[in-house]
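If you want the building blocks of each chain, they are given just below.
Protein chains: 2
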Amino acid sequence: MDEDRPFDFSILDRLGAPYRQFDAGEKVFLEDEPGSEMYMVRSGRVDVITYGSVLENVRAGGIFGELALIDDGPRSAAAIAAEPTEVVAISKPAFLAIIRDDPQFALRVMGLLATRIRRMNKDV
Amino acid sequence: MDEDRPFDFSILDRLGAPYRQFDAGEKVFLEDEPGSEMYMVRSGRVDVITYGSVLENVRAGGIFGELALIDDGPRSAAAIAAEPTEVVAISKPAFLAIIRDDPQFALRVMGLLATRIRRMNKDV
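Chains A and B, in that order, give the protein sequences.
Using the numbering used here, read the first sequence as starting at 1 and increasing by one per residue.
Using the numbering used here, read the second sequence as starting at 1 and increasing by one per residue.
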């Protein structure tokens, strides 16, 4: 898997995926909110926060919010812009179009999930 | 996501994915073994076991072993055939070919991972 290859944003532009801007400190979403899209950071930084501590800093090219995209469940953590930030929203149909075009992208999202599971296994 | 649509095994046959048979009680793999393929149960049942307890019963159409396929890490649990069982091995190239053909399959595997993460979050 070529983790280092920068993501080609042109597919998101072709799909008409919406861009959203956030100021430092502004929420992208809060824990337990309903949600069905994930986000990719275009510029800036988003902190993923649960139980009052930062789980992850997500920077340009990084993704967050993927759990709700996958299973339409409530947000399992909050996502807060840590500085002026631009993200692209990826809906389920857009996600399916991306991975049809670039199956490695699915492996990349799955890699995030796998890392989280292995980290939690270690903490058990 | 159409969870109930049975998986079309013909793509695995076209890809030449290898079938393997196991007797009741036989191991498919043990915890900490290296591994890079996942498995789909064709018939029978596989128990996924860690810390001496059964995490999951995987039946026909179900998949297991996906973590090692994703990140090439060691097996995080053991997989033991609970009865005479046939599985198909899915390598990373086969997985990429499947999801290019059927992107929903990626969502199905991701759904498994998401369920596991949410269960672990609840246990924390």
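Note that these hints are calculated values from the structure, not bench results.
Some hints here could point you the wrong way.
As the list makes no split between identical chains, a pair holds if one copy fits it or if it spans any two.
Pairs of lysine to aspartate or glutamate, DMTMM-like flavour, derived with a Cα cap of 25 angstroms [said to hold, decoys possible]:
#, residue 1, residue 2
1, LYS122, GLU31
2, LYS122, GLU83
3, LYS27, ASP101
4, LYS122, GLU37
5, LYS122, ASP8
6, LYS122, GLU33
7, LYS122, ASP23
8, LYS92, ASP123
9, LYS122, GLU86
10, LYS92, ASP102
11, LYS27, GLU86
12, LYS122, ASP102
13, LYS27, ASP102
14, LYS122, ASP101
15, LYS122, ASP13
Here is how each hint holds up against the structure:
Taking CA atoms no more than 25 angstroms apart as the test, LYS122 paired with GLU31 passes in both settings, with 24 angstroms inside one copy and 13 angstroms between copies. For a Cα distance limit of 25 angstroms, the shortest separation of LYS122 from GLU83 qualifies neither inside one copy, at 32 angstroms, nor across copies, at 30 angstroms. In this homomeric assembly, LYS27 and ASP101 never come within 25 angstroms of each other (Cα to Cα): the closest approach is 31 angstroms inside a single copy and 37 angstroms across copies. For the identical chains of this complex, LYS122 and GLU37 are inter-copy neighbours only, at 22 angstroms across copies versus 29 angstroms inside a copy, given an alpha-carbon limit of 25 angstroms.
With identical chains, the CA atoms of LYS122 and ASP8 are never at most 25 angstroms apart, being 34 angstroms at best within one copy and 35 angstroms at best between copies. For a Cα distance limit of 25 angstroms, the shortest separation of LYS122 from GLU33 across copies, 16 angstroms, qualifies, whereas the shortest one inside one copy, 28 angstroms, does not. Taking the shortest Cα distances, LYS122 and ASP23 never come within 25 angstroms of each other, neither inside one copy (35 angstroms) nor across copies (31 angstroms). Taking identical chains as interchangeable, the C-alpha atoms of LYS92 and ASP123 are never at most 25 angstroms apart, the minima being 31 angstroms within one chain and 28 angstroms between chains.
Taking the shortest alpha-carbon separations for LYS122 and GLU86, neither the intra-copy value of 33 angstroms nor the inter-copy value of 31 angstroms comes in at or below 25 angstroms. Taking the shortest Cα distances, LYS92 and ASP102 sit within 25 angstroms of each other both inside one copy (15 angstroms) and across copies (14 angstroms). Taking identical chains as interchangeable, the C-alpha atoms of LYS27 and GLU86 lie at most 25 angstroms apart only when both belong to the same chain, with a minimum of 12 angstroms there against 49 angstroms between chains. Taking identical chains as interchangeable, the C-alpha atoms of LYS122 and ASP102 are never at most 25 angstroms apart, the minima being 31 angstroms within one chain and 33 angstroms between chains.
Within a single copy, LYS27 and ASP102 get their C-alpha atoms no closer than 30 angstroms, and across copies no closer than 34 angstroms, so neither meets the 25 angstroms cut-off. Taking the closest pair of Cα atoms, LYS122 and ASP101 never come within 25 angstroms of each other, the shortest separation being 35 angstroms inside a single copy and 35 angstroms across copies. For the identical chains of this complex, LYS122 and ASP13 are neighbours neither inside a copy (39 angstroms) nor across copies (37 angstroms), given an alpha-carbon limit of 25 angstroms.
Hints 2, 3, 5, 7, 8, 9, 12, 13, 14 and 15 from the earlier list are contradicted by this structure; the remaining hints agree with it.
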